[in-house]
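Participant: The primary structure of each chain is shown beneath.
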Amino acid sequence: MQEREPLLVMSDIHKAFPGVQALSGVHFRLFPGEIHALMGENGAGKSTLIKVLTGVYPADRGEIRLEGRVIQPHSPLEAQMLGISTVYQEVNLCPNLSVAENILIGREPRRFGRIRWKAMNEEARRLLEERLHLRIDVTRPLGSYSVAIQQLVAIARALNISAKVLILDEPTSSLDRGEVEQLFSVMRKLREDGLAILFVTHFLDQVYEVSDRITVLRNGRLIGEHLTENLPRLELVSQMIGKELKELEELPKEESRVADWAEKTLEAVGVGRKGSVEPFDLGIGKGEIVGMAGLLGSGRTEAARLLFGADRADQGRFVMSGEDTVIHSPRQAIDKGIAFCSENRKTEGIIDELSVRENIIAALQASQGWFRALSRKRQEELADEYIRALNIYPPNPEIPVKNLSGGNQQKVLLARWLLTHPKLLILDEPTRGIDVGAKAEIQKLILSLAREGMSVLFISSELEEVLRISHRIAVMRDRRKVSEIAGEDISRERVMKAIAGG
Amino acid sequence: MARFAIKKQHVPIIASTALLILIFAAGSLRYTGFFSLQVLLNLLIDNAFLLIVAVGMTFVILSGGIDLSVGSVIALTTMLSAALIEQAGWPPAVVIPLVLALGTSMGAGMGAIIHYYRIQPFIVTLAGMFLARGLCFVISINAITIKDPFYVTMAQTRVPIPGGNFISISVIIALAVLAAAIWLAHFTRFGRCVYAIGGNEYSALLMGLPVGRTKVLIYAFSGFCSALAGVVFTFYMLSGYGLHALGLELDTIAAVVIGGTLLTGGVGYVFGTFLGVMLQGIIQTIISFEGTLSSWWTKIVIGVLLLLFILLQRLLSSRGEVREA
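Residue numbers (the working numbering), protein chains in the order written: chain G, 604 to 1105; chain B, 6 to 330.
It is possible that some hints are incorrect.
Claimed, not checked - Derived DSS-like pairs: lysine-lysine, alpha-carbon spacing no greater than 27 angstroms straight-line:
hint : chain 1 : residue 1 : chain 2 : residue 2
1    : G       : Lys1100   : G       : Lys1042
2    : G       : Lys939    : G       : Lys1005
3    : G       : Lys867    : G       : Lys1047
4    : B       : Lys152    : G       : Lys721
5    : G       : Lys721    : B       : Lys12
6    : G       : Lys939    : G       : Lys1047
As the list claims (entries may be wrong) - Listed next, with one range per pair, are the computed distances between beta-carbon atoms:
hint : chain 1 : residue 1 : chain 2 : residue 2 : range
7    : B       : Val309    : G       : Pro712    : 57 to 67 angstroms
8    : B       : Thr193    : G       : Ser970    : 51 to 61 angstroms
9    : B       : Leu317    : G       : Pro712    : 28 to 38 angstroms
10   : B       : Ile26     : G       : Trp720    : 21 to 31 angstroms
11   : B       : Ser299    : G       : Arg738    : 56 to 66 angstroms
12   : G       : Pro712    : B       : Leu255    : 35 to 45 angstroms
Hints were generated in silico from the structure; no laboratory data involved.
For clarity, every value in this text was computed on a predicted model and none was experimentally measured.
Every residue gets a Cβ at the ideal spot worked out from N, C-alpha and C, and that includes glycine.
Pulled out of the complex, with its shape left as it was, chain G reads as follows:
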């Protein structure tokens, strides 16, 4: 592909938030007639970059040029007027209005202030058909169509407004395979029409399927801009994760991984949920730590939620201790001895205002029923015991948990579940956002729990961690379990290859 004049150039963009340098010196170019994928893990700065581009945040430094002219959009609306439109994953349209209105509202054809419905419907129909090859009844309410169609309508609205630059922010996250195909064919068509498309997604396969150029960000910095055809998958993943391939085999081997884990605590057979995770098999042995690796959005959390019943599996079955069992709700899962520490410590786990003691006993109390209250004395005993065992600091059961550091909050959450003596402990990003010392402590704790016979499903974005403590690693990619690596075969390179796929 020959170098053309870029349509949009962002140069040396800096943006800081209190305590975080979200973008530092990022350069970014968009070419007309190209689909450009913006890649990076969580916190890489993708969404900040998009928000700077669309005027949600002003840049601290740097310059944006559209067709050679410097622009400074102050709101998404201004950006739209300039020709930069964004379509988000959650469709920002009005489901109660007709498709035609959603495309044209605010710019309806009028005569003497009266909206000309016929002309409006006609225009909407023409727009959808000519630009998107979509033939639907535009007079029906938007809400009666699938999310995929709604997204196409959102794109049509963006095209009608301006359309030089179209930003698609994770548009495929809630679409099924066929719908993604439909979206891609629309994207290809728009590329032929000369639009510059910025595509953000977590799905590697999709990037290679549809994009022409890839820009990788990590920790707010530009790592590289490549033509898709020149960037092998493995290289992309290593750029995103930020580890060189030669750093391979340096991890210290934990104890030998020999046991055969014949006795399974939980086995999932063909368990899946439409639109969330494709059917997978996964067995977790007694005393085994199964790590789950994969990029953000690869379906790790979704898979864990199925095992816990937080989302209901619509296919497959579960086997516990050799017997078929149903897990339809967290309630049932807890009764069967499954515990789940969610990745959103703040919103789904810790109750800020309550004391450490109250947080620790919450799950046990719940499982006993609220009418058989634990005595205050028993509560204090339990809290003290776990504060000691997990080394929670400060060792005071009566202070509100919000005053603890992130790592200690995580330990409180862990204590809560350990108190119920689960057979299987699911940990989703247990070490996110906590310091190195606390991380090591939590890892040690997990290993010792496993030695005592507890099964652990350990999900983490940090590959090192997964490599270090797992006896077996299940790799997720694009919402599929793509590989399982055990024992001696576990190596950074194998896992990374599996994550990258292709």
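For this one, chain G is given, so just place chain B on it according to the hints.
Facilitator: Relative to chain G, chain B alone:
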């Protein structure tokens, strides 16, 4: 849905129409003298003010809000009109525009508070309700009778229509408001913006619609309608009184909902509100024709109807959700 000739969003309106016809037919069979055009016209005459407030309320509910102040604003309008005309001796030509402006600005004020301070409409208009009702009694604790010739003329004039029947001037005003509101809701940008806000306010904002201005205008319009209904109510009662239109806000909301407008906003028709008002009126008429029943039976029947219509809406919308899944 293409298999059905009826669109889903029209079902509540069709249900209201059918019910109206059914009740009218039943009344006609049961009571002599019921089956006449004048009975229908009387519905309009007796409920002209209700129709006007309900039209204003329809916009509020369509936008996902609620306006509890309407009954009190009516009372305040009657009180202020009566005091200014009878006690201060002002001419109606000054008083009527004044009270209309007052109602409108009160509505606009509430709308501005709702939008710019992000406070629930329920609370803001509840405050407005107490404020307006209280102000009535500041003017006078007793009812003030109006003897002004203009008001008396407006109250007593019968506008003849072919067939020997008649309507009142208030009916003409109410129907004009209705027609204007239908135009406003369906053929202007303001109207569509109201629907968009009711559908998803955040989306409406992102789509670049003037959400703030529209919300203020919605409540201003509702305030205007309440004041106009107050003027019409003054024609009807020929008095100003702090206890006029007590609880009318709830009758109004009931009429709007029975007319097929979703309380969550975004779905409904102004014409449906007309049907809702007529339904309330005809139930009242039936009960007065029955003679032995106390007028409280109206409330009971309205209560049951309201429940049925809300269930119908729930049924329709949940069926929609299943289809999407």
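Participant: If a hint holds in the structure, say so; if it does not, say that too.
Facilitator: Against the structure, the hints come out as follows:
no.	hint	in the structure
1	Lys1100/G with Lys1042/G	holds, 26 angstroms
2	Lys939/G with Lys1005/G	violated, 30 angstroms
3	Lys867/G with Lys1047/G	holds, 23 angstroms
4	Lys152/B with Lys721/G	violated, 52 angstroms
5	Lys721/G with Lys12/B	holds, 18 angstroms
6	Lys939/G with Lys1047/G	holds, 26 angstroms
7	Val309/B with Pro712/G: 57 to 67 angstroms	violated, 45 angstroms
8	Thr193/B with Ser970/G: 51 to 61 angstroms	holds, 58 angstroms
9	Leu317/B with Pro712/G: 28 to 38 angstroms	holds, 35 angstroms
10	Ile26/B with Trp720/G: 21 to 31 angstroms	holds, 28 angstroms
11	Ser299/B with Arg738/G: 56 to 66 angstroms	holds, 59 angstroms
12	Pro712/G with Leu255/B: 35 to 45 angstroms	holds, 40 angstroms
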